[in-house]
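Engineer: Here is how the chains run, residue by residue.
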Amino acid sequence: MKEQEQGNYSKRGDSDWDTYMWLEAYRILEPKLGEDRKQRWKKVLLEELQRLEPMLVKRIDYPWYNAPFIITSPNHYSIYASALLVAGHVFHKPHWIDMSTKVLHRFWVQEQAADGYWGEHSQAGPTTGYDFLTLTQIAVYWEYSKDPAALTALRRSTDFHKYFTYPDGTPVETINDRNRFWGVSMWGHFGFSNFADGRRYAAFLTGHFPYSGDLNSYDGNMQSFGRIAQNVLYYHEGKTAPIPQDKPDYMYAMKIPAGIRKTGPWVVTYSGIIAPGVSQNNFFLDRQGNFSVFNERTGLIISGANSKRQPELATFSEITPTGSMHMPLSSYFNMSANADRLALAYNVFFAELLVPKPAAHQLTFAINSTYKLDSTVSFMNIQLMLAAGKTLETGAGRKITLGDEAFEWGDAELGGWIKHNGWTMQIPSGMHLSRPVLLFNPYKNKPETDLSKAVGRLSTPLKNEDQKFKFAIKVD
Amino acid sequence: MKPVKFILISVMALHFFNAGAQLKATENSNIQLPAGYFELLESGIATVKKKWTADPSATLASLESQPGWTHFPNAILIPAVLYSKPIPSNKHFGDKHMLELAKKDWRFFGERAGTGKLLKKR
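Sequence lines, in order, name chains A and B.
Each residue of the first sequence is one higher than the last, beginning at 1 in the working numbering.
Each residue of the second sequence is one higher than the last, beginning at 1 in the working numbering.
Among the hints, a few may not be true.
[To be verified] Here are the simulated SDA-like pairs of lysine to any residue, each with C-alpha atoms no more than 20 angstroms apart in a straight line:
#, chain 1, residue 1, chain 2, residue 2
1, B, K104, A, I28
2, A, K247, B, S29
3, B, K96, A, I28
4, A, K43, A, L33
5, A, K453, B, G68
6, A, K357, A, K453
7, A, K239, B, I87
8, A, K474, A, A359
9, B, K104, A, R27
10, B, K104, A, G34
11, A, K11, B, Q66
12, A, K444, B, E64
13, B, K51, B, A61
If you're looking for bench data, these hints aren't it; they were derived computationally from the structure.
Based on the sequences and whatever the hints tell you, model everything.
Structural biologist: In structure tokens form, the structure reads like this:
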């Protein structure tokens with residue numbers, strides 16, 4: 001009992017997320033609670049919600065609602081605001097409505113990027129998973145304010161998310177600066193439901209959500225059930241319209257240098273986003289992953305996920321006498337009818353990724369590096385999704401079941417191709433394959449120790465000369 | 001005021017654990033909304049009830065220390081919505097059992113200051 005009296009509920013991190021759910025339960029059950037319980041709930045809710053007011057007020061005129069300025073992240077800040085907005089209506093507190101309106105309106109007029117996302121670190125690029133959280137708060141704002149700006153923001157957000165979702169319902173990792181993976185999101189579907197294609201997108205996501213609940217990933221735990229209940233409260237029924245995933249082919253280039261192309265079963269994503277490294281805040285990854293390859297039959301084959309303190313997983317890295325670099329200095333990105341081109345410039349060289357529109361069973365790509373000046377120790381790295389417990393075969397006759405054992409193979413063991421999980425990749429000579437590479441865990445601020453979650457690193461040192469590398473991936 | 005905690009590490013770490021997950025496209029393309037949401041909510045409340053039954057003495061801390069059960073208080077909105085939403089696909093509209101489940105506030109809010117004992121007695 002002594003522990004209970006210490007206020008354990010409030011001490012929990014992000015307890016305001018739970019308070020919002022309780023507030024909604026109060027709102028819809030108020031006439032059924034009985035006077036005694038109603039007053040008790042109201043008293044405790046008001047105590048909890050009042051904690052948010054100073055946190056909202058303190059930052060309300062800060063230059064940007066991004067982590068480098070507000071210390072917390074935009075998704076948290078918008079949740080403070082939306083909880084107080086709803087509470088202001090429920091408990092008739094106009095000043096809560098006013099201050100939350102000011103914040104949430106600004107999330108559209110100043111904070112949302114033209115591409116429809118709310119970057120957690122800056123507008124330079126999205127934070128795809130957490131973006132679902134922020135859009136949910138804008139959707140709440142729309143429900144209570146009918147501010148046309150909010151609907152415009154939701155339109156942009158719906159476009160962003162519907163394009164950057166893989167055919168399995170998971171958001172694209174390549175453009176995400178905080179997470180290597182995010183599950184199928186159930187947050188904020190009611191925001192999408194303001195539009196015909198948004199309703200179809202919500203159904204698409206729901207169709208991929210595990211029926212019995214996804215208890216293995218963050219986005220599928222009890223929070224998802226709470227957010228599904230929230231979707232019911234605010235969902236807008238109506239006609240549906242096709243989304244990109246319904247079409248055999250689509251391509252979409254953002255205003256920033258990033259894009260996605262689906263061709264039949266293949267999805268290729270690109271990021272030439274330029275952003276500085278964030279050394280002190282472990283929650284932000286370095287934007288060092290630049291492309292991914294996904295196939296509907298195999299899932300992700302090449303990961304474009306970002307990382308931190310792991311230049312060995314950067315698409316390109318270089319060590320010069322004056323320092324090291326694993327994120328591009330500049331980039332160029334172009335999508336055309338038949339091919340995509342992503343170019344990334346570093347100190348000593350630049351590299352171009354060229355991806356022709358793939359055929360049904362085969363995707364090819366080439367990486368051409370152009371030497372510029374001076375000398376360096378440079379690497380090209382490709383992150384392969386090599387699943388533990390599955391076999392890996394090579395052109396040189398190697399065949400193993402992937403487990404905990406580390407290996408590093410060169411031409412003699414690889415023999416020009418790799419076969420795994422239903423795909424076969426033709427690789428150029430000079431490549432090295434190593435596994436496992438343990439991944440940086442931003443929530444632990446150190447590398448993960450679970451080998452089953454590791455990736456494979458397909459790499460080669462770059463010479464101080466122009467080079468061409470050709471790859472082909474076939475799926476049976 | 002103390003600096004805002006940037007994020008709840010123990011909760012968010014679960015994102016990372018699934019980093020190697022390989023999901024195939026297996027969409028249930030027949031999903032209709034909002035009916036599909038109610039099917040999921042029924043599944044969710046069944047899971048919660050099973051948890052409650054299996055461990056009647058569970059505290060908020062003990063529940064949330066288990067994988068997948070962080071932000072357990074979100075559970076309150078599931079029966080609240082099932083009880084109160086008058087939609088044809090909601091089989092639990094007006095179901096008093098759902099109302100009683102929603103009122104089980106002591107289970108997860110009872111641990112905040114001064115309310116646990118009072119609510120648990122009811």
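Engineer: For this structure, which hints from the list above don't hold up?
Structural biologist: As far as the earlier hints go, only 6 is violated by this structure.
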